[in-house]
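Once you have looked at the hints, place chains B and C on chain A.
Chains as they are written, first to last, in numbering that gives the first Met the number 0: chain A, 0 to 311; chain B, 0 to 406; chain C, 0 to 408.
The hints are simulated quantities; they were obtained by calculation from the structure and are not laboratory data. Since the structure is predicted, the reported quantities are computational estimates derived from the model, not experimental observations. Any given hint could turn out to be false.
Pairs of lysine-lysine residues, derived as DSS-like cross-links and limited to a Cα-Cα distance of at most 25 Å, are as follows [what the hints assert, rightly or not]:
#1 B/45 to B/86
#2 B/325 to B/54
#3 B/384 to B/403
#4 B/113 to C/188
#5 B/321 to B/54
#6 B/211 to A/108
#7 B/403 to B/116
#8 B/86 to B/113
#9 B/86 to A/108
#10 B/116 to C/166
#11 B/195 to B/182
#12 B/211 to B/45
#13 A/108 to B/213
#14 B/116 to B/26
#15 B/26 to B/325
#16 B/199 to B/170
#17 B/199 to B/182
#18 B/113 to B/403
#19 B/86 to C/188
#20 B/116 to B/86
#21 A/108 to B/54
Each chain, written out:
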Amino acid sequence: MEVIVFSALNGLLYGLLLFMLSSGLTLIFSMMGVLNFAHASFYMIGAYLAFTLSSGIGFWPALFLAPVLVGLIGALVERYGLRRVHSHGHVAELLFTFGLAYLIEEAVKLIWGKLPVPYAVPDSLDWAIFTLFDTTYPAFRVFMMVVATLMFIGLWLLLKKTRAGLMIQAALTHPQMVGHLGHNVPLIFMLVFGIGCALAGLAGVIGGALLVTEPAMAFTLGPIVFVVVVVGGMGSLTGAFVASILIGLLQTFAIAIDASLADLFALVGIQVDPKGELTGITLAQIAPMLPFILLVLILIFRPRGLMGARES
Amino acid sequence: MLKRSLLAAVAVGSLMAAGAAQADTVKIGYIDPLSGAFANVGDSGKRHFEFMAEKINANGGLNGDMIEIVAFDNKINPKESLIQLQKAIDQGISIVTQGNGSSIASAIIDAVNKHNKRNPDNPVLFLNYAAVDPAFTNDRCSFWHFRFDADADMKMEALTDWLATREDLGKVYIIGQDYSFGKAVQAAANRMLAAKSPEKEIVGDELHPLGKVKDFSPYIAKIKASDADVVITGNWGTDMTLLVKAAADAGLDVPILTYYGGGLGTPTAMGDTALDRVMQITEWHENVDGLGLDPMLDEFEGEHEIDFYYYRVKNLMEMLQKAAAKAGSTEPEALARAFEGMEHETEVGTITMRADNHQLIQPLYLSTFSDDVARDVEGTGYGFKTNHRIEGPATSTDTTCEMKRPS
Amino acid sequence: MMQPGFLRSLLPWLAAILLLALLPSIFPSRTAFSVMNAIGIQLVFALSYNMLLGQGGMLSFGHAVYFGLGGYGAMHAMRLIEAGSLDFPVFGLPLIGFAVGLIAGAVIGWPSCRRSGVPFAMISLGIGELVAAAGFMFVSIFGGEEGISGDRMVGVETFGLSLGPIKEVYWFIAFWAFVAALAMWAFTKTPLGRLSNAVRDNDQRAQFIGFDPQRVRYLVFIISGGFAGLAGGMSAVNYEILTPETFSALVSGAVLIMAFIGGIRTFYGPILGAALIVVMQSLLSDYTEAWQFYIGILFMVIVMFAPGGLAGLVERVRLAIQRRELAEVAPTWGLGVSAALAMTLGMIILVELVFRWREGSEPMELLGIPLSHSEILPWLLALLLLGLGSVGLRQAPKRWGRLLRGEAP
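Looking at chain A on its own, in the form it has when it is part of the complex:
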């Protein structure tokens, strides 16, 4: 029981972190058709900026300032870089963002060094909020869940209830039409890219304190965020949300369950060596692989994703 409750909590937490990252990516993807390889890198910049800022002006101002700065950087990247390669097609854009991810990682190493930086949970949130089965639960984690949920609601309202949101919705299904209607498509692109990056930056401010702030943090999370967006379905915010939570729970529960293939066989009455190389593999061991199995299967059998509006 304990394990189930805490696995659910931890899975939800991890899923919400994934959602904070993927919401910006899915926004960019749906609007511009660009799978931003460097998205997790903006998450990393957010964490590092928050680390630097919070040592000067404190955590709370940094929580707002860092994402804004990341958004600005994102907008500049779109204006002076991505726009240039846009005419060469999606593969060129993918290459551009791939190079960008590489460059950002190296730049972070140059500026902040190769070692993890001591970016920790602020004192004001560093206490146990409740105790369950003798296990305490840190307040910062609850804070993160609240922020992620607010983000989902805010974005959902933005997309469904505002004019700008309607335009993005329209661009999703009829990209040319929006341009023909006389909207300044390049400006919209720049704004969308900037906002998407700012969301990643916000995730970084929180994720960096929750996990570790180090130059490899983008590289370890990047592919998973891709999986979320593809599995959730192109341009679907709800899809991204569902996929994030799904993958978060999947990975966390897989660690909690000790079952191996041999146990599975034993269920149906076949006895095999429980310590064998193949039969001894436990669910916990394959936990990191599960999202990618899901990715490949979805791409082959349901390219629209869970709730996508269209294929790439």
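Only chains B and C this time, still in chain A's reference frame:
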């Protein structure tokens, strides 16, 4: 960083050269992670070696030759280590040292053996300061490899001896990193617990990916659910820090027996939650009384703003100086023969390099994280306090090594 | 009947043989051999990658899978030779790598080649991550974190090479790099090679003339996997160790960077890229901590301004010489090149200053001139060079842009 250390060493070297006329330099290749998840650990080791090199150089160096530490970043990857080893050999380096990761040490031992077989005129000596897979001084022992840390089995003997005296700790949870060292710890713990205290129940036995887990909460949830009384872990680096951090967050309230609880960054991460709870088994710690090491520790900490942790690096460098004097040379083969069976007087007592398997025999200390200490670690106000000392001979284990020496 | 055009196209290959034969005398040091061997392996890998990206239009983020599997195949064979249960020369191990790569390509390509474009790229990424994770799980095959190692000095000797000293390994690498490159070049001349270009440019049109683009992509994918496996086999013999890290996204990313910087539109582009990146990796890293940053900048510049890569620039210069218009375009090119150089210099100074300022290390020296990060002047110099360069680049007429794009001026 490589260039900087090189220059620093050269600067020191040239200062010393004023005294000893026409001194040459002997380069030691330091192959450890200087980037990535374990960069902080590798960087700390490098500072210890540079510090000790200065000390040895000030004290006459290796027969008058000055030691220079040349650092190579292996990104904690076996293949990259071999490329760096090759690079070191290309630069004319014939003594290399490494410590972080038994998988790395394994690759280096293998490569050094092959290199020395193929290039008998230009052999390389490998001084291992921290990779503790028991195989290196048993089945896979090599004439060109010397280990200055107690191996995983020796340390586990000490831990399980203590555990056997604690009847209140009945349920044991073992967690470790999924690679050769983690598995060696796991196997040793299982074997020795079964032999020494069969009444104890092993309620969890788990391996997790090396250096990849960012949030240990799911593992901690499992440990809590298993109702364990004590946790044994061989984790080090970020894996150790994050494990304890998650344990502290969740309020996991049991003793944690570690190999590397005092490892860099870990005490800071643990803070007061680890008090009287986290224990470590090491060859030395800062609060071993009456050794007269305080001036040196103060000097190191003043210079580098990290704690002196690797006492064995001091042993290694002092024994290297002694071996060079005994052999009258710094040629790898002569050094290796001089190391075999060498006895050395240190602050903790006499330590001996076994001739039969090249394992250093030294006393071990079991200590607990405490607030009642003279020297704190990492400015936390806490430090390690000795529970008991295990004499060197008591840690010695049988070896299956069949040493092949060059004729 | 031999056509003169065919003979002329063989000339570069004869030159390559000459170069390979002379290199050991020009660079006789151990370090040089390490670097040349690494280039040999990487150029085969990069060429195989370009069969996908440059010739077939398939962007893959998981090419390391075939390199790694081929390498593991060869390594296991090497261990069997050592154990005496396989009678095969170590010299021929890249063939085993090739076979394993082919099989892996056939198995994995079957589902993934059903899509093209971005979905194909995503599938390759997913499969790459899957295999990378599996690499750490199946210890008896991949050796876990430690990987598996072997001894190349076993079995029968071929061509009188014991393969012990690094110099003898050079001949092994040179032989296979040459053979593989020639074979891949020959492939571009086959009907299938031509078809893959057609599918890249317009797969609907290829379909109209009666070819199944999915099938063409699949076949190219298999062959590309084979050559990647061959490169893996060369790597197994050269390094005598393989670890599951070989499957990592870093390796897949590196081959993409190599091929693209070199130029994916010409056959020899990836060779230039492989040589450049390996040299930067092994030599530049001794001088600066920021070498990977420079590679990143180079990659971005090429993606944005010169999609033809280094080879595109070479081709453009060659074209100008052929058309005898070099004198005409030289002034604009001269201006452009010097502006680009000024920008590069400015950027290098800036990056190194930033780095030293953070590390607090000793001031750098550039061409014998000390530049201290604690003084204002070097910073101004860097900014001045950057400014001058960007003004120069703007002033250089549009021909410069055309040169970079590989179009006619």
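- Hints violated by the structure (listed by number, smallest first): 3, 4, 19, 21
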